[in-house]
Amino acid sequence: MTDMTAPSGPMLAADGTPLKQSLARALRRQKRRALMLIAPLLLFIVVTFLMPIGDMLFRSVENSIVPDTLPLTVEALKDWAPSSGEAPGEPVFAALAADLKIAVAAKRHTRVGSRLNYETPGISSLFRKTGRKVKKLKEGDYREQFIKIHKGWGDVAVWETIKRLSGKYTTSYFLSSVDAEATEDGVRMKPEKERIYLFLLKRTLILSITITITCLMFGYPLAWLLANLPMRTSNLLMILVLLPFWTSLLVRTSAWIVLLQQQGVVNNVLVALGLVSDDNRLDMMFNATGTVIAMTHILLPFMILPLYSVMKTIPPTYLRAAKSLGATDWTAFWRVYFPQTVPGIGAGAILVFILSIGYYITPELVGGTSGIFISNRIAYHISSSLNWGLGAALGVMLLVVVLVLYGAYDRIVGIDNVKLG
Amino acid sequence: MKLTHVVLGAAAAALLSSAALAEEMTIVSWGGAYSASQDKAYNQPYMANNPGLNIINDTSSNEAVAKLRAMNEAGNVTWDVVDVVASDAMRLCDEGLAMVIDPDTMLATAPDGTSAREDFGDLLVSECYIPTIVYSTTFGYRTDVKAWGGREPDDICDIFDLENFPGKRSLEKRPINNVEWALMCDGVAPEDIYDVLSTPEGVDQALAKLATIRDNVVWWSAGAETPQRLADGEVVLGSTYNGRLFALIEEQKQPVKMLWDWQVFDLDGYIIPTGLSDERKARALDFIYFASDTQRLADQAKYISYGPARKSSGPLVGKHATLGIDMAPHMPTNPVNAVHTLLYNFEFWADNRDDIDAKFQAWLVK
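First to last, the sequence lines map onto chains A and B.
Read left to right, the first sequence gives residues 1 to 421 (our numbering).
Read left to right, the second sequence gives residues 422 to 787 (our numbering).
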């Protein structure tokens, strides 16, 4: 006797409100509760992870040191055009004198000189030498006095650099990171001899993919063995896989140097066996080969462990069923077992790839010149040249590349298709 | 329960008492034999003179510049005295990260009354820097290379001579020193080197000369690599710091000899970071006064073959503390070794280091 015809109007919940609204409210409450539960962890990650990294990456565009140290000069330069072919006029130099007097007193003039030196070499000594003589400047006729202190002040290139870097934000670091530079006529690529970063980025990606593939080739059979042996043997072998983790990274890398160098163990054995002549020893170290071998050894556990975890969950009955249905060994493996391990391969491959892109210690030691990564240049800029802006810009570039590859991986394989166990 | 209380109480008491007694100071240096020599010559005597003071040795001088900048930005400088090479000191001084030192008031005079300013002389290359040693980057070569037919290299340009001295070389993975040697062996007079290097064509000329031996070069980035490679026989000629070669030849008795021709002098010494509290600054200045005086600099030469930066310390250099050999012939500043030398051109490289390094690295990877 219930009315089974079409409902009249929207569905209502028990308290009279429309069901859709009530449902939405319940879901919102659930989400809010979940958010509150993870709020402390989220805050922790934001403060200790995202904010410091964001601050570092922000340096890739930050340029406030120039307008903050030379405010009047920057203002006065607005009326000067580099195309005029000569250095700016007296008002700019008067502004420079005023700015430098304050900057020298606060000992900030050499800092801005260092920053500008990244764009045009020579500017750091310009600021350093001028800073020593700024107190003795006399009123008026500043242009002549400055050029007498150092003839660099009459150089159009110097003033063009200062004018280009007058803003609070700059693209100069990003342009350098893609081997380009900004000139008055627009953006152009650097001369062939100075281009390095795009080449290194390409090499980093290619070598990282190579390392991922070799890790997969070695790791898959090992994981299979570990997953299919009886528990006791498998545990023992697992300890052997994990043992390298407990050894220092530098020790492992140095061991590879000793093994693979031209006068090293492997070559000596081959020469003793007569397989290789003494003048023609194998060149396996201080080049890309050395990098691939050493990095594969170091990153192998990261491939084996996810694969092992996934393989452990695959019941052996599937393979037996496939064989009982008449499949050959290979067909059974390839069409029944392998697709089930794809999530593990995905997890292992992502781990190994992302780790190897960012590695710089091992390539530095064993890479020679043909096996170093872009991360080595980033490390150089952070530690030695103190050009943190360029280091940050290269870091952003690396991050963007990894995100793009991650997006591509998601399209092709699907992120939900990644399992760690 | 009682045992736990007792243990916790004892631990707390120990911590409190040690905190009350020991004043601490962190001195940063390069590690290895160099740090050991500084420890024996400066730190131990200073601690003996100041009971209750504990000097912590840190070995992060390699990243000192970046770490000091980060510490400064965070407003928490944890180092009291930092050992850096002169070019790093200039960079730190430029960035305002190192304290200005007045040699007249902060450094000791020589025993014969010469002022510190005169005693250090031209080696006071930066107003923030207290140089302690002169070291040089120079070459070592194996003495048992059959392919050389009994000849030994005695000229810097033998590095580029692959016919008479075949074999692998070990050069530093940066342009400094390498481009100067390359230009010198390409016919440029020593006094013109930096003028030539200021032009892009000059840099190309240096790189072209290096390209003639490039396939035979293994590049190093740490000072310990060349001695290791020479000992392994991996290279037959290699550049590194002279103190490392001394350790290889005299202490480890490897078949290697020194090639002193056209060694490049550089300075190593101390800076005091800015941002220290007044008492830490006073303590750091007191340490510097002690560690940079004439006798201390001469004492360090007993443990490592680096020349003292003060003129008055030279005559006081004696014998090696454990080997008992006379140190004077092994000093880079010894007139026999210093027939041809180059002094690292700080102004030039402060300006052009990044630019020429970019070109060098681009050349290196292709």
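Keep in mind the hints are simulated off the structure, nothing from the lab.
From the three backbone atoms N, C-alpha and C, an ideal C-beta is built for every residue, glycine too.
Incorrect hints may appear among the rest.
[As the list claims (entries may be wrong)] Per the computed footprint, the stretches of chain B lying under chain A, defined by three or more beta-carbons under 8 Å from a beta-carbon of chain A, are:
hint, segment
1, 705-715
2, 720-731
[To be verified] No farther apart than 25 Å at their CA atoms in a straight line, the calculated lysine-lysine pairs in the DSS-like style are these:
hint, chain 1, residue 1, chain 2, residue 2
3, B, K787, B, K461
4, B, K488, A, K107
5, B, K461, B, K674
6, A, K193, B, K702
7, B, K702, A, K107
8, B, K678, B, K723
9, A, K190, B, K702
10, A, K133, A, K101
11, B, K674, A, K202
[To be verified] Residues of chain A placed beyond 12 Å of chain B at every Cβ, according to the derived structure:
hint, residue
12, N117
13, G131
14, M311
Hints, verified against the model:
Only when three residues or more bring their CB closer than 8 Å to a CB of chain A does the claim for the segment 705-715 of chain B stand; here the count is 0, and the claim is violated. Here the segment 720-731 of chain B counts 0 residues with a CB under 8 Å from a CB of chain A, which misses the bar of 3, and the coverage is violated. A hinted pair counts as satisfied when its Cα atoms are at most 25 Å apart, and B/K787 with B/K461 does not qualify at roughly 45 Å. Of the pairs offered as hints, the one joining B/K488 and A/K107 holds, with about 20 Å between alpha carbons and a cut-off of 25 Å not exceeded.
Between B/K461 and B/K674 the alpha-carbon distance is near 23 Å, which keeps this suggested pair within the 25 Å criterion. Between the alpha carbons of A/K193 and B/K702 the distance comes to roughly 47 Å, so the proposed pair goes past 25 Å and is violated. With a C-alpha separation of about 19 Å, the suggested pair B/K702 and A/K107 falls inside the 25 Å cut-off, and the hint holds. Distance restraint check for B/K678 and B/K723: the Cα-Cα separation of roughly 21 Å lies within the 25 Å cut-off, and the hinted pair is therefore satisfied.
Restraint check for A/K190 and B/K702: not satisfied, since their Cα atoms lie roughly 46 Å apart, outside the 25 Å limit. Proposed proximity of A/K133 and A/K101 is supported: the alpha carbons are some 10 Å apart, at most 25 Å. Of the pairs offered as hints, the one joining B/K674 and A/K202 is violated, with about 45 Å between alpha carbons and a cut-off of 25 Å exceeded. Not every Cβ of chain B is farther than 12 Å from the Cβ of A/N117; the closest lies at roughly 6 Å, contradicting the non-interface assignment.
With a least beta-carbon separation of about 10 Å from chain B, A/G131 fails to lie farther than 12 Å from that chain, contradicting its non-interface assignment. Chain B leaves A/M311 outside its interface by the beta-carbon criterion, the shortest separation being 40 Å against a cut-off of 12 Å.
Taken one by one, the earlier hints fail for this structure at numbers 1, 2, 3, 6, 9, 11, 12 and 13, listed in ascending order.
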